[in-house]
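Asks: Chains as they are written, first to last, in the working numbering: chain A, 1 to 324; chain B, 1 to 418.
Don't read these hints as lab results, they were simulated from the structure.
We put the beta carbon where it would ideally sit given N, CA and C, even for glycine.
Careful: at least some of the hints might be erroneous.
[Claimed, not checked] Examples of chain B residues lying across from chain A (beta carbon under 8 angstroms, computed): (1) Met54; (2) Leu198; (3) Phe199; (4) Leu201; (5) Tyr213; (6) Phe329; (7) Ile332; (8) Thr333; (9) Phe350; (10) Lys367; (11) Pro369; (12) Ala372; (13) Ile379; (14) Phe389.
[Claimed, not checked] Sample of chain A residues facing chain B (criterion: CB under 7 angstroms; computed from the structure): (15) Ala96; (16) Phe115; (17) Glu118; (18) Ile285; (19) Ala293; (20) Gln311.
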Amino acid sequence: MDSVINLVNAAVLAGTPLLFGTLGEILTEKSGNLNLGVEGMMFMGAVSGLWAAVFYESIAATVSGVLAAIFAVIGSFLFGALGALIYSFLTVTLRANQNVTGLTLTIFGTGIANFLGEILAQNMGGYARVTTVTQGAFANLNIPGLSDLPVVGKLLFSYNFVVYLGIVIALVMWWFFKKTRVGLNLRAVGESPATADSAGINVTLYKYLATCIGGGICGIGGMYVSMVTTNGVWVYNCVSGLGWIAVALVIFVAWKPALGILGALVFGGLSVLRMYVPLGIPMEIYEMVPYVATVIVLIVTSIRQSKENSQPKSCGLNYFREER
Amino acid sequence: MSDGIRKEPVPQESEAARAQQQEEDIRVREAIKTAELENVREHHRQAKAPLVRMVKRDDISRKKAVVIRLAAVVCALVTGGLLILALGHNPISVYAEMVVGSLGSTTVLQETIRNAIPLLITSMAVSLAFRMRFWNIGAEGQILAGAVAASYVALFLSESLGHVPSLLIMAVVAVVAGGLYGMIPAVFRAKWNTNETLFTLMLNYIALCFVKYLQNGPWRDPALNGFPKIAMFGSEARLPKLFGVNIGWIIALVLVVLVSIYLTRTKQGYEISVVGESSNTARYAGINVTKVMLRTMFISGALAGLVGFIQVSGADFTLSENTTGGVGFTAITVAWMSKLNPPVMLIVAFFIAMLTKGAGRIQTAFKIPASAANVLIGIILFFLLGCEFFINYKLVWRKKQTAGAPPKETAKEAVNNG
Numbered sequence: 001m002d003s004v005i006n007l008v009n010a011a012v013l014a015g016t017p018l019l020f021g022t023l024g025e026i027l028t029e030k031s032g033n034l035n036l037g038v039e040g041m042m043f044m045g046a047v048s049g050l051w052a053a054v055f056y057e058s059i060a061a062t063v064s065g066v067l068a069a070i071f072a073v074i075g076s077f078l079f080g081a082l083g084a085l086i087y088s089f090l091t092v093t094l095r096a097n098q099n100v101t102g103l104t105l106t107i108f109g110t111g112i113a114n115f116l117g118e119i120l121a122q123n124m125g126g127y128a129r130v131t132t133v134t135q136g137a138f139a140n141l142n143i144p145g146l147s148d149l150p151v152v153g154k155l156l157f158s159y160n161f162v163v164y165l166g167i168v169i170a171l172v173m174w175w176f177f178k179k180t181r182v183g184l185n186l187r188a189v190g191e192s193p194a195t196a197d198s199a200g201i202n203v204t205l206y207k208y209l210a211t212c213i214g215g216g217i218c219g220i221g222g223m224y225v226s227m228v229t230t231n232g233v234w235v236y237n238c239v240s241g242l243g244w245i246a247v248a249l250v251i252f253v254a255w256k257p258a259l260g261i262l263g264a265l266v267f268g269g270l271s272v273l274r275m276y277v278p279l280g281i282p283m284e285i286y287e288m289v290p291y292v293a294t295v296i297v298l299i300v301t302s303i304r305q306s307k308e309n310s311q312p313k314s315c316g317l318n319y320f321r322e323e324r
Numbered sequence: 001m002s003d004g005i006r007k008e009p010v011p012q013e014s015e016a017a018r019a020q021q022q023e024e025d026i027r028v029r030e031a032i033k034t035a036e037l038e039n040v041r042e043h044h045r046q047a048k049a050p051l052v053r054m055v056k057r058d059d060i061s062r063k064k065a066v067v068i069r070l071a072a073v074v075c076a077l078v079t080g081g082l083l084i085l086a087l088g089h090n091p092i093s094v095y096a097e098m099v100v101g102s103l104g105s106t107t108v109l110q111e112t113i114r115n116a117i118p119l120l121i122t123s124m125a126v127s128l129a130f131r132m133r134f135w136n137i138g139a140e141g142q143i144l145a146g147a148v149a150a151s152y153v154a155l156f157l158s159e160s161l162g163h164v165p166s167l168l169i170m171a172v173v174a175v176v177a178g179g180l181y182g183m184i185p186a187v188f189r190a191k192w193n194t195n196e197t198l199f200t201l202m203l204n205y206i207a208l209c210f211v212k213y214l215q216n217g218p219w220r221d222p223a224l225n226g227f228p229k230i231a232m233f234g235s236e237a238r239l240p241k242l243f244g245v246n247i248g249w250i251i252a253l254v255l256v257v258l259v260s261i262y263l264t265r266t267k268q269g270y271e272i273s274v275v276g277e278s279s280n281t282a283r284y285a286g287i288n289v290t291k292v293m294l295r296t297m298f299i300s301g302a303l304a305g306l307v308g309f310i311q312v313s314g315a316d317f318t319l320s321e322n323t324t325g326g327v328g329f330t331a332i333t334v335a336w337m338s339k340l341n342p343p344v345m346l347i348v349a350f351f352i353a354m355l356t357k358g359a360g361r362i363q364t365a366f367k368i369p370a371s372a373a374n375v376l377i378g379i380i381l382f383f384l385l386g387c388e389f390f391i392n393y394k395l396v397w398r399k400k401q402t403a404g405a406p407p408k409e410t411a412k413e414a415v416n417n418g
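Could you build the full structure based on these sequences and the hints that come with them?
Replies: Set out below in structure tokens:
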């Protein structure tokens, strides 16, 4: 029993960056932009979150963990959104191919993150890390009364604040798509931009905003990696593939934000499984599990394609008002 | 709108008056219509005319297109220069150092060429698939598949085979392994339209994990006292050199010619283009899309597998998790910068190899991290992607309003005049 609780606990912690990446990409794809740059934007968020926290520490007289965390979240959101802005400008305004632009964003984002990470390390004397106060802000919360509950405390009330932020974003997004006019408009843009356009919806604005906010959310996921997973230390190539799994997860959860929580939990679990469920197979083979699972998900979802759970129709295609 | 006018109580005095009233009504309505139309036109002329319009153009000269692309590269290098400036270095001396560090002496030039070989062949590999609109970003994995197969021969069979036969067998098994590994996602894409972008990508990680497994487990060199490395190949399994660089460069040059011919002069190459344009068109034309897809992905993977062979037998002389060195990803950008055109890839691959090699130099000379190469590649590609717009579209700016627009007639005036 204990080991199951530990596994779920670890799965939540490992799945959170995936959740952010998935949510960001769902929002992006709902606008009809298939942004394959999630990995790049997560990298950008990872380095900028750390950088923002370090920057705050350098200007603050006495470091407050809460403020450092706010700096990290906002910094990563903005830099992730900047990556998405480049993508939007190229694909929406300049009509470049979405696939290639997304791949380029991944190459650029990975490059610039490792680049800036190393520069930061050089500036800090060979090793980029935040102070223990900031580390504390990203540590697991201890909610009086709740965290100490048996079983439930560890399963539900013992995570760092970013985990809860992710769940809140997922639920807000679910409400936004289902219950708000703006959300409905956005879905219309993703399904059929020409129809949305003729209904007076500003397609360009919607695409830009959804993609940039989506990129920002991906950025926060990257920040989670650099602030929580690596404990506030810059590690070369730290995101390494999480962004790509997130892109696949979007398909797995059928573009449903609330389901994203479950998807991220499952894949988080698969990635830590080897530490909790020894099967007697070599570690490196065990490492394959999330990737193999992703492949299986891709195949299964493609075989049982349904109209309900499919990608927004215009995804991957640019909208040219003059050429409709 | 005419409702408002009709609402006035009409005195029911006589037929004549009613007829007159109806006539009046019609005239008012027509006048309103003309005025509205005029208003709309005026509105279009003045306020709603966009500041700038995009017009598709199909008449751009080749020369002009090349100039635009070169301008984009220059802009990208200037942007990169600004980044270098922000770090407190002189961009010109950094760029100069990159050129010296990649072309300055025979040794570095040889190394640059050695780095360009895998890049060139891999970009041809992915461009075969890209021409078919098949997003093969799994070249990394296909290279590793080829490398693993070739390494098996090199480690366990080459001693008894002799030099030339073992190299030939290594090449063949690498090509087959890479090709088959590339075909897996194609099978699913052809049958169920499975997303090939993510599929090929996941196969990269799977191949990488497998190589790590070999390195840590069954193929670990026992002579290294537990250090996880695979043994170096014997001399029978090493590619010979010509002018100081392994003969991979000759293979690459031959392939440039062969792939060019294949793509532009053969029926199969034509089929790839048709499937890329529209698989429905291809089907109507009697092309077996599934067959074309499987065949092309086999060739694409096979070329990548060949790269794996060249890397392990010509550059590293062993297999490791760093065998690909990110070539599979960089090759995608090379392919795209060259517009999927093999002869152009020759130039671009060399240029990117220069950039990567030069970035290693500026790391030691200026302490600028070598990741700068990827940043610069990203920026260049962003600009190239953006500049395509200016090749395909012409911007038409709003013309200045001509003075003295015709005076507007309001509905009321029109009625009075009539």
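Asks: Of the numbered hints stated previously, which ones are contradicted by the structure, given in increasing order?
Replies: 9, 19, 20
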